[in-house]
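Following the hints, position chain B against chain A.
As they're listed, the protein sequences go chains A and B. Mapping of the first sequence onto my numbering: position 83 corresponds to residue 83, and the numbering continues sequentially without gaps. Mapping of the second sequence onto my numbering: position 119 corresponds to residue 119, and the numbering continues sequentially without gaps.
These are calculated hints, taken from the structure and not from any lab test. Hints may be right or wrong, so weigh each one.
Copies of the same chain look alike in the list, so a pair counts if it fits in one copy or across any two.
Stated by the list, open to error - Straight-line alpha carbon distances no greater than 30 angstroms define the calculated BS3-like cross-link-like pairs of lysine-lysine that follow:
| hint | residue 1 | residue 2 |
| --- | --- | --- |
| 1 | 94 | 327 |
| 2 | 294 | 170 |
| 3 | 139 | 294 |
| 4 | 327 | 95 |
| 5 | 94 | 312 |
| 6 | 294 | 102 |
| 7 | 312 | 331 |
| 8 | 294 | 312 |
| 9 | 43 | 312 |
| 10 | 312 | 102 |
| 11 | 312 | 58 |
| 12 | 331 | 201 |
Quantities reported herein were computed from a predicted structural model and do not represent experimental measurements.
Take a look at the letters that make up each chain.
There are 2 protein chains.
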Amino acid sequence: MADVTAIRIGIIGCADIARKVSRAIQLAPNATLSAVASRTFEKAERFARANGFPPEAKIYGSYEALLDDSEIDAVYLPLPTSLHRTWAVRVAQKKKHLLMEKPVALNVAEFDEIVAACDANGVQIMDGTMWLHHPRTHKMSEFLNNEELFGQLRMVHSCFTFGGDQDFLKNDIRVKPDLDRLGALGDAGWYGIGSILFAAKYELPTTVIAQQGPVFNEAGVLLSCGASLHWDDGKVANFYCSFLSNLTMTVTAIGTTGTLHFADHVIPYEEHEASFTTSVRPRLNDLVTGWESKPSEHTIVTDIPQEAVMVKEFSSLVANIKRNGAKPDQKWPTISRKIQLILDAVTASIEKGFQAVDIVS
Amino acid sequence: MADVTAIRIGIIGCADIARKVSRAIQLAPNATLSAVASRTFEKAERFARANGFPPEAKIYGSYEALLDDSEIDAVYLPLPTSLHRTWAVRVAQKKKHLLMEKPVALNVAEFDEIVAACDANGVQIMDGTMWLHHPRTHKMSEFLNNEELFGQLRMVHSCFTFGGDQDFLKNDIRVKPDLDRLGALGDAGWYGIGSILFAAKYELPTTVIAQQGPVFNEAGVLLSCGASLHWDDGKVANFYCSFLSNLTMTVTAIGTTGTLHFADHVIPYEEHEASFTTSVRPRLNDLVTGWESKPSEHTIVTDIPQEAVMVKEFSSLVANIKRNGAKPDQKWPTISRKIQLILDAVTASIEKGFQAVDIVS
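Chain A extracted, bound-state conformation (with noise of 0.2 angstroms):
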């Protein structure tokens, strides 16, 4: 990777996420893993030293100084959701283009203002949801859009639920209320409300109501919770996530003529290729004691895992950025205020009492 047209990447914060994504930023074809910064020295040594850093990258002991740093291009930021306003516009301040982990903020209104810092300052801004960037979501996303097969989107349903340990539920900050308040929502939810979004080609719902049931830790941060989403022209929408249950994640949406099934929606069960089912207009057999077709898997392979296939595609814009002088994409943010907003909404929602919350975009 000591391509001189590569992406110089830096990662702020040794959060357990950048040992992944540093991996990833090795992997990708057109970036470089930089640099890396912790509060101190000796931390970021010792997280370059296990994750196998390249022997040129640098070691900074403060986010400050890597920010400083002219040979680095972009930065990827797995900090706590609390710290993400002020790290995220310090980086686009510092022309630096923005890897970011998600939830993106704690709010709208704070996305917008690091979306804004992004745009004044003319740098990328991409969240760091992977599944996204995989080449079966291209696929899926091919047979949701086909009217002849899928038809029109009627439902979703969504789950993400894994079970936390007790040091997780004690100590992981998606638990705790000053670094990642919005919880078993900001982590899991975040992936069931973006593939409700997904399915329905991001087309906002006009309401959103929360489950009544969620479970909060002591100190006020939801570990489970549900909410249901809902369109004017009927479409309706579930998601259920949770830091208390079996490891399972779940999506299955249904249009009016076909049916769309995947069961390892955040992480493939494995690197190299992951599947989906989808049927078509199934008939059952004439006396209804069976079905004339199964659901058809479809596998879909990959070079390289969906975390460097996101890698690479941030990288992409970045260096047309760099190079072409081209803008800034906007799709990405797009999405990720998409999420966010339904994110809010669905927390307006618990804090109203399980009312029904409008959504304005």
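Chain B in isolation, oriented as in the chain A frame:
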């Protein structure tokens, strides 16, 4: 099937579903297809001929005539729901055991009248929900009941949808307010609710809330709707049912340590076997780029199709009453009543503008 110990079943009404059940009665080793009644002799005769009735089967041009036949032990009742109370009570009063189609009644009060008539006359009642009798269902029940594997139930999602064609949406009894005014809720929703209660080991929820956006036809019959169910311990469930979407019948139940999934809930893909998948404490790999194990698939073979297993179970209960003086079994009507109770609650919630409805058993 000339076995003299076999339970002699007569069919009242020539609905489409009666074709499937006629065959099931012939496949069940302990039942005999003894008679069919329609409002005209010709229609009954045509039905018998088209469905391979044995030559000794009797043909009746009125329901009453069949009920007066002392050589009939039990009646299968596939009439429209609005006729259930009247005819089910008459069946019971004639001391005939009752296998009836679902939804069992227009509301719980009606069903209670039917059950009271059956109790007073010492006859068995069972509804025609076939999937509950498949050996796959028993295997799934074992998994759900295994605390070591599944843990405690946290969430269920169930959907059963199919796309009614123009003829169905105009003429089927399930879209007629005077025949089956519960529409998609009574027909497809019955299964969604049933699968949720099955997963919850028939513990009734505390509250039910209909999902906004139900679709009605011009006559006010539900063509699609959904609802969420809530238990005091934090369990939640959702179902969705529709006559306006692609054929889909998926159930996902998530426990604290296990997940169950099957996609051919109501009608197995094939008659002779059916599958489901389970996953127990699956783990992601260290870098969270893949799973260490995939869900495992379990295939259960059945020697006769689920509807024949149902008839066999019904006939076995009837035989036990007839020969051994046993009391009618309470398990099946108890399940039917619970499903009907939730149907009523969903209807009430829709009528009340999607308010929460408390379940009082």
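Hint check:
Proximity of residue 94 and residue 327 under a CA criterion of 30 angstroms is satisfied intra-copy only: 17 angstroms inside one chain copy versus 82 angstroms between copies. Proximity of residue 294 and residue 170 under a CA criterion of 30 angstroms is satisfied inter-copy only: 28 angstroms between copies versus 44 angstroms inside one chain copy. For the homomeric pair residue 139 and residue 294, the shortest alpha-carbon distances inside one copy (19 angstroms) and between copies (22 angstroms) are both at most 30 angstroms. In this homomeric assembly, residue 327 and residue 95 come within 30 angstroms of each other (Cα to Cα) only inside a single copy, at 13 angstroms, whereas the closest approach across copies is 82 angstroms.
Taking CA atoms no more than 30 angstroms apart as the test, residue 94 paired with residue 312 passes inside one copy only; the shortest distance there is 22 angstroms, against 76 angstroms between copies. Taking the closest pair of Cα atoms, residue 294 and residue 102 come within 30 angstroms of each other only across two copies (26 angstroms); inside a single copy the shortest separation is 36 angstroms, beyond that limit. In this assembly of identical chains, the alpha carbons of residue 312 and residue 331 lie at most 30 angstroms apart only when taken from the same copy (16 angstroms versus 59 angstroms across copies). In this homomeric assembly, residue 294 and residue 312 come within 30 angstroms of each other (Cα to Cα) only across copies, at 28 angstroms, whereas the closest approach inside a single copy is 36 angstroms.
In this assembly of identical chains, the alpha carbons of residue 43 and residue 312 lie at most 30 angstroms apart only when taken from the same copy (27 angstroms versus 69 angstroms across copies). For a Cα distance limit of 30 angstroms, the shortest separation of residue 312 from residue 102 inside one copy, 18 angstroms, qualifies, whereas the shortest one across copies, 55 angstroms, does not. Taking the closest pair of Cα atoms, residue 312 and residue 58 come within 30 angstroms of each other only inside a single copy of the chain (21 angstroms); across copies the shortest separation is 74 angstroms, beyond that limit. In this homomeric assembly, residue 331 and residue 201 come within 30 angstroms of each other (Cα to Cα) only inside a single copy, at 12 angstroms, whereas the closest approach across copies is 46 angstroms.
Going down the numbered hints, you'll see the structure goes against none, and every one checks out.
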